[in-house]
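Peer 1: Spelled out, the chains give:
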Amino acid sequence: MMAEGVAENRVVCGAKTILCVDDEPNVLSAIRRAFRHDKHRLLFAANALEALGIMASEPVHVVISDFRMPEVDGIELLKEIHRLYPTTVRTILTGYADLRLIQQAFERGDIYRFITKPWDDGELHVTVRQCLVQHELERLNGKKEIL
Amino acid sequence: MSNLAHNLADPELLYEKAFRRERAAREISEKILETCSRELYLANQRFESQYCELKHALTDLSQTQERLVQSAKMASLGQLVAGIAHEINNPLSFIMSNLGTLAEYINALVRLEAELDTLEKALVVHPSPIPAVAQALKRISEVRSGEQVDFIRGDVDALMAESFEGVHRIRGIVKDLRVFAHQSEGQKICDIDINECIESTLKIIWHELKYKCRVSKNYGRLKPVRAAPGPMGQVFMNLLVNASQSIAEKGEIHIQTACEGRRVVVRIADNGHGIKQEHMERLFDPFFTTKAVGKGTGLGLSIVHGIVQKHHGTIQVESSVGRGTTFTVSLPSVGGAL
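Chains as they are written, first to last, in this note's numbering: chain A, 1 to 147; chain B, 148 to 485.
Incorrect hints may appear among the rest.
[To be verified] DSBU-like mimics (lysine-lysine), calculated; alpha carbons at most 35 Å apart, straight line:
# : chain 1 : residue 1 : chain 2 : residue 2
1 : B       : Lys322    : A       : Lys79
2 : A       : Lys79     : B       : Lys335
3 : B       : Lys364    : B       : Lys202
No lab work stands behind these hints: they were computed from the structure. Remember, predicted model here, so these are calculated numbers, not experimental data.
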């Protein structure tokens with residue numbers, strides 16, 4: 001944690017692409033607004049299939065996905081992204097107190113961070129920044145995985 | 148023949164014989180009677196003890212049934228509540244985020260308005276010869292008075308603050324509902340010291356207690372209790388916060404712990420306003436509250452009850468209006484010597 005905090009100040013990230021996945025369009029709008037000052041490019045998907053479609057067509061550096069979604073849930077999606085695009089940093093947004101599943105996904109390395117709903121915009125920014133730094137560090141180290 | 152005649156002839160002998168026969172018969176019948184009544188008595192005793200056993204079994208059964216019905220009710224209520232909490236939480240999450248953004252938007256517009264004000268004042272001092280500018284100025288002042296812009300500017304901060312407060316309140320309620328729905332779910336069970344559990348809870352809520360309550364403690368030496376530390380802390384937190392809220396200005400809370408047989412018993416007593424007799428029955432019902440709107444969800448004691456029950460414990464309450472309330476939580480301790 002300490003090393004990461006230090007690193008965070010040093011690592012300078014260029015503009016990155018962040019993909020947000022939620023079946024609730026209002027959540028996506030709220031996130032879009034929260035990041036309106038950021039230089040990063042935001043992409044949006046309403047479900048897992050759409051998300052994977054986007055990822056197949058262009059590089060995505062960070063994914064923030066809702067947990068509870070119809071058909072394929074957020075953990076399944078992030079597991080698949082972990083398999084297909086291991087360098088994409090994965091975060092889950094969960095309104096559900098189902099921490100056990102989240103914890104398991106965390107231990108498997110399918111997710112890097114989780115944010116609980118209702119989120120605090122400040123916290124969301126910090127988490128996304130940490131994800132971006134993580135991505136940059138992994139890129140610089142040329143490693144596929146740090147965690 | 149002569150003998151018979153002789154016998155018949157002697158009435159004394161006849162009587163004696165008859166008497167003996169009768170006595171023998173009486174003895175036999177008495178013996179039979181005694182045996183019968185002894186058997187009857189023993190059977191009666193057996194029946195009585197069986198009756199007692201059955202009565203106990205019946206009481207146990209109806210208590211178990213009551214508990215089962217209660218836990219079935221709680222389980223389905225838990226599911227319902229978890230569903231509702233989830234449904235509220237999603238819109239709440241974007242409302243909260245949007246409110247933050249809206250505050251920034253308003254801030255931007257207020258700043259723009261201030262610049263407009265400056266421009267307007269400058270134009271009053273140095274009127275513009277351009278008719279369109281004069282017209283725009285007039286429209287600005289019309290909108291200002293028509294929409295009560297001065298009032299809006301003065302009120303907008305209060306409006307946002309009140310909305311934030313409301314949203315935070317909803318978030319608190321949703322959180323309570325979640326705790327209620329997922330009581331001790333996914334929590335690791337371990338052997339805990341209830342005294343330590345109470346102490347760490349006290350630390351968390353000290354800011355709520357310190358101004359109006361004098362807290363006295365009488366901790367006994369306790370055997371450990373097998374419990375989930377988080378929910379167990381929640382039990383004492385809810386009881387202590389309730390105790391503090393029952394005290395209007397200044398009062399006392401007394402915490403006592405002791406080992407009583409194979410149980411750890413915690414008593415939390417306050418000298419607050421007490422609980423009315425008619426409220427006693429509904430005390431542990433979910434959503435039952437006597438607190439003011441926005442001050443309580445009515446889930447606190449229901450959560451306490453659920454957690455205590457899950458740990459095979461019991462909770463009792465004694466209260467008298469105007470004098471105070473004592474909650475007694477009894478939990479099975481882990482066996483073995485101290």
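Peer 1: Each of the hints needs a verdict: does it hold here or not?
Peer 2: For each hint, the structure was consulted:
no.: 1; hint: B/Lys322 x A/Lys79; verdict: holds, 28 Å
no.: 2; hint: A/Lys79 x B/Lys335; verdict: holds, 26 Å
no.: 3; hint: B/Lys364 x B/Lys202; verdict: violated, 42 Å
Checked against the numbered hints given earlier, this structure breaks only hint 3.
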